[in-house]
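There are 2 protein chains.
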Amino acid sequence: MLQISQRGQEMPASPIRKLVPYAEAAKKKGIQIYHLNIGQPDIETPKSCLDAVKHSNFKVLEYSHSAGNESYRRKLVEYYERNNIHIHYNDIIVTTGGSEAILFGCMACLDAGDEIIIPEPFYANYNGFAIQADVKVVPIKSSIETGFALPPIEEFEKAITPHTKAIVVCNPNNPTGYLYSEAEMQTLKEIVIKHDLFLFADEAYREFCYEGKHISAMHLKGAEQNVILMDTISKRYSACGGRIGAFITKNKEVLNAAMKFAQARLSPPSFAQILGEAAVDLPDNYFDKTKAEYKLRRDILVNRLNKMPDVFCPNPGGAFYAMAKLPIDDCDIFCQWLLESFSHNGATVMLAPATGFYSTPGLGKDEVRLAYVLNAEDIDNAMDCLEEALQQYPGRTNKTNAPAHIQNA
Amino acid sequence: MLQISQRGQEMPASPIRKLVPYAEAAKKKGIQIYHLNIGQPDIETPKSCLDAVKHSNFKVLEYSHSAGNESYRRKLVEYYERNNIHIHYNDIIVTTGGSEAILFGCMACLDAGDEIIIPEPFYANYNGFAIQADVKVVPIKSSIETGFALPPIEEFEKAITPHTKAIVVCNPNNPTGYLYSEAEMQTLKEIVIKHDLFLFADEAYREFCYEGKHISAMHLKGAEQNVILMDTISKRYSACGGRIGAFITKNKEVLNAAMKFAQARLSPPSFAQILGEAAVDLPDNYFDKTKAEYKLRRDILVNRLNKMPDVFCPNPGGAFYAMAKLPIDDCDIFCQWLLESFSHNGATVMLAPATGFYSTPGLGKDEVRLAYVLNAEDIDNAMDCLEEALQQYPGRTNKTNAPAHIQNA
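One line per chain: the protein sequences are D and C, in this order. Residue 409, in the numbering used here, is where the first sequence stops; the numbers in between run on with no holes. Residue 1409, in the numbering used here, is where the second sequence stops; the numbers in between run on with no holes.
Please keep in mind that the hints were generated in silico from the structure rather than gathered at the bench. A portion of the hints provided could be inaccurate.
To be verified - Mimicking DSS-like on lysine-lysine, the simulated pairs with C-alpha atoms at most 27 Å apart in a straight line are:
| hint | chain 1 | residue 1 | chain 2 | residue 2 |
| --- | --- | --- | --- | --- |
| 1 | C | 1047 | D | 54 |
| 2 | C | 1059 | D | 27 |
| 3 | C | 1075 | D | 75 |
| 4 | C | 1075 | D | 28 |
| 5 | D | 18 | C | 1047 |
Chain D extracted, bound-state conformation:
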């Protein structure tokens, strides 16, 4: 009998998108939905970037270089230089989104049966790329009680086996919004050097840091051969649909291997490379405005959440996500209930159940991820909905879940 592959069966459906049918049904009933469930920024894509594409002048829309247009890669060097990341344009392979950069990393560095360590909760799609590469994800738990700080070094060392090949870190983090400190990045550096591991660094949200400074994995002196930066312009410039990212490493052997995978898929998309190149010329203050807007939203969101009885939301230092612990029995049921059975003033809120971001079964059952990709007023309205929903939800737990120091705060 014709059968799909084992990996096709094991591949998880997107935890964020599986609620979509319920949202569609709610919309059909005339209910307004505040979408805090996906990382699709609402901030406008810079006009100068979109205009650059409109002014493109192709006669023949040719394949670009498999590593991306040289002009774009040279321009990216300027961008990274401003972030104190010193690279050569030949250290860069332009990819089809950050997704492809992650896939190239898995393919170039990992074989079937290898293990990668990822602090959980983590970006759910890492699972998908691991399954494509037949690689085992070994989670180590970061906890909402500590605001999702890096687990202690002993936890990493307990998880390392002869099959461990890489540690994956997303900084600032999706889904937690956690911004790793310099000390934590140094810890990661020590581990990868001591144990000869690759460090896959997903820095999609580099610019969005609200407390403290972003330390890139590329800043870790002495770990240049270990570090692979997996980057994307999607969030940075609200250009998710362009599908442009970058795979960057100073490890030539890794880069050459990744380049063979890049050649097999021929080239990254041509139009959005033009957009990406124009984005490097945005004025220096471009991120100030965007960042101020996200910070304002975060402050509203986190304040509102922590004022709700038995709700705890650690203040995220970066990205545009927050994780909240709610007085609920099961976040998957709760998020579905919000869409199926609840509305407040004709509206409801769509959230991402945290279980999809944990690899260990059972973890995150009373947590949700909120993406603050709506304007301040909508976030406030969404919080009205959530507050009311937590009153009405039949699966509300009576026991308070917030850690002691928060209850006393």
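Using the hints provided, position chain C relative to the given structure of chain D.
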């Protein structure tokens, strides 16, 4: 020690691109190069398609649906209908080029250790996707003497093992230009049904058929559950840089599995989906002109080749490639020599060594692939170069390699 993956080591460098440094050196010496080495069409991308992108009106360049914009998928249904391929828009996942459609097919249908049968010579990048999926390519030889017709059914049956999961067919073929007959397609249908195999059908060159009619794998009644169409707009509309393709199947289980891989990479590129959608509205005679131009070039190329002493080039029925058997010792050495040590009136020709398209070591050593993606005059000039080169080449074999019926023709 930090080590790249086994698959990163095994991954072949692109056989087409590995000569690029020699070409660059030749250009620096002022030598003009006729590029017959890659399938990058020179035909202009239709202006209406490029204009559609220029007139796009994004405020936020959002992720599209993971299966591609619904409007584009609905439009594609019209396109396929015109080709007598009857599908629903939910049978389609828009992909990032045909490359991603091939990758999704491997991921959704194949596991590590599975085998896929491909008539060789074949599109070299199939190897790359097989390595990514840890799948074994089992070649069965098609021969230049028969113009690369489908090997007899017994050859397939000899190659089938309990691990065989799919047959891959590219029609019209890259690199051979061979157009499979209705009888051959029926043979493939019988094999895949009898042995419960998937049929991966790469039909990138569907419109470019010069003798006979294109029979799509989607036309094979009774094999609907076996067939996966892997398509692309790259060659069809000279839009290689757009990176838009399609994964199409009536097998819902396969489609649902592929959809999970599609969700993991979020979405296909937004700009070029607009281009693809506009392309469906091109006038009915659009392909007539393009096809007439390619046919003219093919006729010149094949005629010139077969007039050269000891050269044999079967007349390809489709695509824009031809394979030629040359009186040479080693095509890799010859193609490099053309760039390094030869010029004729200040010019030379760049060809693709056929060895890169064969999986069986030793095959194709006296063959080259020629892509007729230059205008008629340039092709004629390129043939002047090649004719002269074959006179001068130190590794020329004296023994005639052409099959008897050609020598006598």
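(request) Compare the distance between the alpha carbons of residue 1075(C) and residue 28(D) with 27 Å, and conclude whether the hinted pair is satisfied. (result) At roughly 25 Å apart (the allowed maximum being 27 Å), residue 28(D) and residue 1075(C) satisfy the hint.
(message) Just to be careful, I want the Cα atoms of residue 1075(C) and residue 75(D) compared with a cutoff of 27 Å; is the pair within it?
(response) 37 Å, violated
(message) With the threshold set at 27 Å, check whether the alpha-carbon distance from residue 1059(C) to residue 27(D) stays at or below it.
(response) Roughly 23 Å separates the two Cα atoms, so the pair holds.
(message) For a C-alpha distance cap of 27 Å, please report whether residue 18(D) and residue 1047(C) respect it.
(response) 39 Å, violated
(message) For a C-alpha distance cap of 27 Å, please report whether residue 1047(C) and residue 54(D) respect it.
(response) Satisfied, since the Cα-Cα distance of roughly 13 Å is no more than 27 Å.
Checked against the numbered hints above, the structure breaks hints 3, 5 and satisfies the rest.
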